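S.K.: Given next are the chains, with one letter for each unit.
Protein chains: 2
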Amino acid sequence: PIFKRCGHCQATRGPSYSQLQTSDVEWFKRCLGESNVVTDVERLKSFNRDWMKKYQGHSQLLLRPKTTQHVSEVLAYCNERSLPIVPQGGNTGLVGGGVPVFDEIILSTQGMTRILSFEESSGALVAEAGCVLQALDDHVTGHGYIMPLDLGAKGSCCIGGNVSTNAGGLRLLRYGSLHGSVLGLEVVMADGTILDLLKTLRKDNTGYDLKQLFIGAEGTLGVITAVAIQCAPRPASVQSVFLACPSFEAVTKVLGTAKTMLAEILSAAEFLDQHCMRVVEEQLEGVSNPLTDSGTCTAASAAVAAAPGSEGTNKGPACTDSNTTTGCSTSSFASTFDPDNAASSSSSASLQLPPRFYMVIETHGSHEAHDVEKLDAFLEAVMSEGHVLDGCVATSKAQSDSMWHIREVIAEACGRAGSVYKYDVSLPVQVMYQLVEAVQQRLASQLPHRQDILTLGYGHVGDGNLHLNVSVPSGYSQEVQEVLEPFIYEWIQGHSGSISAEHGIGLMKAGALTYSKSLKAIQVMSSIKSMLDPKGIINPYKVVYKQQA
Amino acid sequence: PIFKRCGHCQATRGPSYSQLQTSDVEWFKRCLGESNVVTDVERLKSFNRDWMKKYQGHSQLLLRPKTTQHVSEVLAYCNERSLPIVPQGGNTGLVGGGVPVFDEIILSTQGMTRILSFEESSGALVAEAGCVLQALDDHVTGHGYIMPLDLGAKGSCCIGGNVSTNAGGLRLLRYGSLHGSVLGLEVVMADGTILDLLKTLRKDNTGYDLKQLFIGAEGTLGVITAVAIQCAPRPASVQSVFLACPSFEAVTKVLGTAKTMLAEILSAAEFLDQHCMRVVEEQLEGVSNPLTDSGTCTAASAAVAAAPGSEGTNKGPACTDSNTTTGCSTSSFASTFDPDNAASSSSSASLQLPPRFYMVIETHGSHEAHDVEKLDAFLEAVMSEGHVLDGCVATSKAQSDSMWHIREVIAEACGRAGSVYKYDVSLPVQVMYQLVEAVQQRLASQLPHRQDILTLGYGHVGDGNLHLNVSVPSGYSQEVQEVLEPFIYEWIQGHSGSISAEHGIGLMKAGALTYSKSLKAIQVMSSIKSMLDPKGIINPYKVVYKQQA
Ligand SMILES: Cc1cc2nc3c(=O)[nH]c(=O)nc-3n(C[C@H](O)[C@H](O)[C@H](O)COP(=O)(O)OP(=O)(O)OC[C@H]3O[C@@H](n4cnc5c(N)ncnc54)[C@H](O)[C@@H]3O)c2cc1C
Ligand SMILES: Cc1cc2nc3c(=O)[nH]c(=O)nc-3n(C[C@H](O)[C@H](O)[C@H](O)COP(=O)(O)OP(=O)(O)OC[C@H]3O[C@@H](n4cnc5c(N)ncnc54)[C@H](O)[C@@H]3O)c2cc1C
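Just so you know, the sequences run in chain order A and B.
The first sequence begins at 534 in the numbering used here and counts up one residue at a time.
The second sequence begins at 534 in the numbering used here and counts up one residue at a time.
Just so you know, the hints here were simulated from the structure itself, not pulled from any lab data.
There could be a bad hint or two in this list.
Copies of one chain are not kept apart here, so a pair can be met inside one copy or by any two copies together.
Stated by the list, open to error - Think about it this way: if two alpha-carbon atoms lie no more than 27 Å apart in a straight line, the pair counts; the simulated DSSO-like pairs of lysine-lysine are:
1. 578 <-> 955
2. 599 <-> 1053
3. 562 <-> 786
4. 562 <-> 1068
5. 786 <-> 599
6. 792 <-> 1068
Please read these numbers as outputs of a predicted model, since none were measured by experiment.
Kindly produce the complete structure, drawing on both the sequences and the hints.
M.R.: This is the structure we're talking about:
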């Protein structure tokens, strides 16, 4: 009775839901064992709060079932009793989907961490939903494979959460979406029924592909208990480069050239703007630009080391540094790049410009010499066209890790700088960065006194996926929110984009769904929700909830 | 009233459906225009009969709407009047899904052939459902792209039919399933509502991914009117080889080596058995084994031409022939393969064996020299291990076309040899061919007098997808059918396979769905069907029908 209205979604607690009773808790303890039933307020805290510390739930109960059978019994009981639940994996979701809104029971999958099988010949992995992505990647590495997805949160997100959010991540460009790589699922439905769709076959056209419904459903249609997924062969050769570009147009040109010249070995194409670089350097100890501000490598501090790919090319001397998390741990080539080879006017002009954007380009291939040859040719092309001002080629795993580190800690750095409004949007690549500029302008004109607000853009440029972050040192406020929304959503709609590329709808965007989906589509979604969860006990208030009510 | 019971599915004509009236035909003529309404019995014949000539419908009306609006009006009318319809594209489906069972109205998409847009920078194509796959591939070729799927029926199948059957085809291995490459759909639902899901974004996590439901639904949930699909960059270099292997185990070894050594450039791995080769040579004029029976190239008839990849490798003299549809139009290497480089005992032993299997291996890459180098190394490996007895490398597009031709005409050749029972199954690669042998043995023991029956296997071995064909010269018969079914379905179920890898369920396998899907899954499918098509007017008797009744 104390939690009546959600500050984020304006929803009120569902009137048909029961209140949790002591007898319920007793039942859960008998079912799952004492140790898997948590009621301690302190221990519940981190499960009630989301990664961004933006959403705050008020659950009094956390359940940690260890088997599918237990999940089934729990759901059957909750359905019978009309007790709402929220499924939670690693709690790294960024739209408030995995935390309770009111007092929903938290059903954590973190007790379900068994790897069920791995077929060496086909690369099909079957694992329980609570397996952490990194642990699965480590496991399949031992068999010569990699997981088909990779993201900054890999150390804590769970495969069930990944599938439930249809996570995209850093290598979707190469390995495709989970709608293509998930082979099968085991799902417990609202009434406790176990739906066994856990096939490991590459092809299976036997009626409607039901598993697809649960991929990206954000836990509103059922609880995923196990996942079968197609892993990709581990590449024999991985190459990474860090590039500085003078403009966003140059970023898109580099992307186009990478798609053509790196083609089948291109595995990631990421970008960040200069504001991201600044906030990372300011907020995080020991992380700095691998290229200096002036656009060249600080050769003074470095020993010279030849990059494996530098034979026979006109790249400059490489530099290394024993501390791989500080700059210059790589082979830089811009300083001695031969301008005679370049389209000289544009090249010399752009050499004067400060780098406004950075890119991480990565290749996954089976033949190092071939890959390096392709990469060299690509770098020569983008340098000579003036689209790249400067760059570093990683010459070791540690160096490539440190390049990737910069890209991966942006979210964290923004969070340290302030409370972050995060928008994860799809847009045609050409107009993508215009949204960041439009927001910067709007904030400057509407809130001229709030110069402390930091607006920046980064993301998976290879997939047309922009992460727009607005970091507010003084915390979340209605004033800022109203400047941002619905402006951002309308802008996206006006440019044929999507208000959620990969993070999902969750609680954050449930009210904004109409900017990306027609009313008819939302109606069909709601019918599916009602069909599979007639009492609405699984993850209420999320995704299609507003439209239902 | 004349068509009471279907010989294939035992269904009776739905009692709630109306009979077509003259006034209905008049209404359709007013709506679509006279020329798009066909009632002529002769013209209807080919639309009432499926590609295999196994299923025979009795429709008296064919509609050819030209716009989505017209499809919408037609469906609204049919739903109102309870007139059942069957959507039809190119009518190349192989499970009787696209032809009427009784007197359903045929709704052909062949009038909807406009290409709506193509985004050069991203490769996103939007086209009406009736566009023929080959026409789309030709269109995007002009922009440097290829369609992400390719199949033998490409000259007549339509993109709407491809999506509705979730067609796999020859290059799924490389470009993935349509669940990953379809970006958006426009669908007309049973009541005529137009569901606009026609996005062209690579990523769009805004609620349930409704389009996935219609991919592979075989026209039972709605009529697809337009498709947005992600095309792949056209490869700069395509290499094809035709190989002879002594055993199916050798085929699986070659596949494993191809996955490792060709890795990111591998685009197809197909196999056929010796029976396929024989029936193709016997039934089709001018098509013959590019390798001779003795396992060497008939050098006598051929001019010597160097394969582009033969420099620096120890391959033998190549042979070409101006008539590319007869054998030896390629660069053969087995005859002069240096046995000193081979694991000689196994190699010399296997050279004595007759080739029992053939493979077509293809690569798509961006760099010809690299691709050829990888291919050469691969060929040396599989030859030296004794897994390949003989092989040809195509040295021109015409030569590679003639290799592919053999693979692609097997279905046609079988059809000429008799009436064909076609099974399209997924199985773990290791046991795949055992099914063909089990069926051969069963036929031999149960029907010893029927030595004319030809049982053969071929398919997409790279995806674990076997096509098992049983060709019966004297025609379809209950006797043969009863020997084959349920034996084959039970065998597949016992080996964790799928009774339909890519062709679908249609009418043919509606009664066998339980061999691949749990009752609970079938129940959920039926609920979805009832939800989206409450009167059951779209493609009745197919996929989940039996379970509904
Ligand atoms: C630093 C950082 C980087 C990130 N990078 C990316 C990125 O590149 N790409 C990307 O797509 N996302 C990214 N994310 C977002 C997040 O990591 C992903 O959404 C991830 O897939 C969530 O997994 P999780 O286990 O933490 O799920 P949770 O946060 O626990 O839950 C997410 C949603 O899934 C539901 N859910 C969880 N488990 C289940 C289950 N077993 N059954 C049913 N429903 C379930 C929850 O109810 C909730 O709605 C990032 C997040 C962080 C913090
Ligand atoms: C020689 C040959 C080779 C083949 N090779 C392959 C192969 O390699 N891989 C493979 O997967 N298949 C293969 N097939 C099968 C067939 O070509 C595919 O299933 C193809 O996708 C069917 O397309 P179509 O336009 O001919 O559809 P149709 O045969 O007309 O219809 C197929 C099904 O889809 C439905 N349908 C058609 N259009 C629509 C629409 N617009 N909206 C809703 N429902 C619709 C129909 O009702 C029917 O259930 C092959 C067939 C032949 C004859």
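S.K.: Now tell me, hint by hint, if it's right for this structure.
M.R.: Verification of the hints:
no., hint, verdict
1, 578 <-> 955, "within (23 Å within a copy, 59 Å between copies)"
2, 599 <-> 1053, "between (39 Å within a copy, 23 Å between copies)"
3, 562 <-> 786, "neither (59 Å within a copy, 52 Å between copies)"
4, 562 <-> 1068, "within (24 Å within a copy, 47 Å between copies)"
5, 786 <-> 599, "neither (50 Å within a copy, 39 Å between copies)"
6, 792 <-> 1068, "neither (48 Å within a copy, 48 Å between copies)"
Against the hints set out earlier in the document, violations occur for numbers 3, 5, 6.
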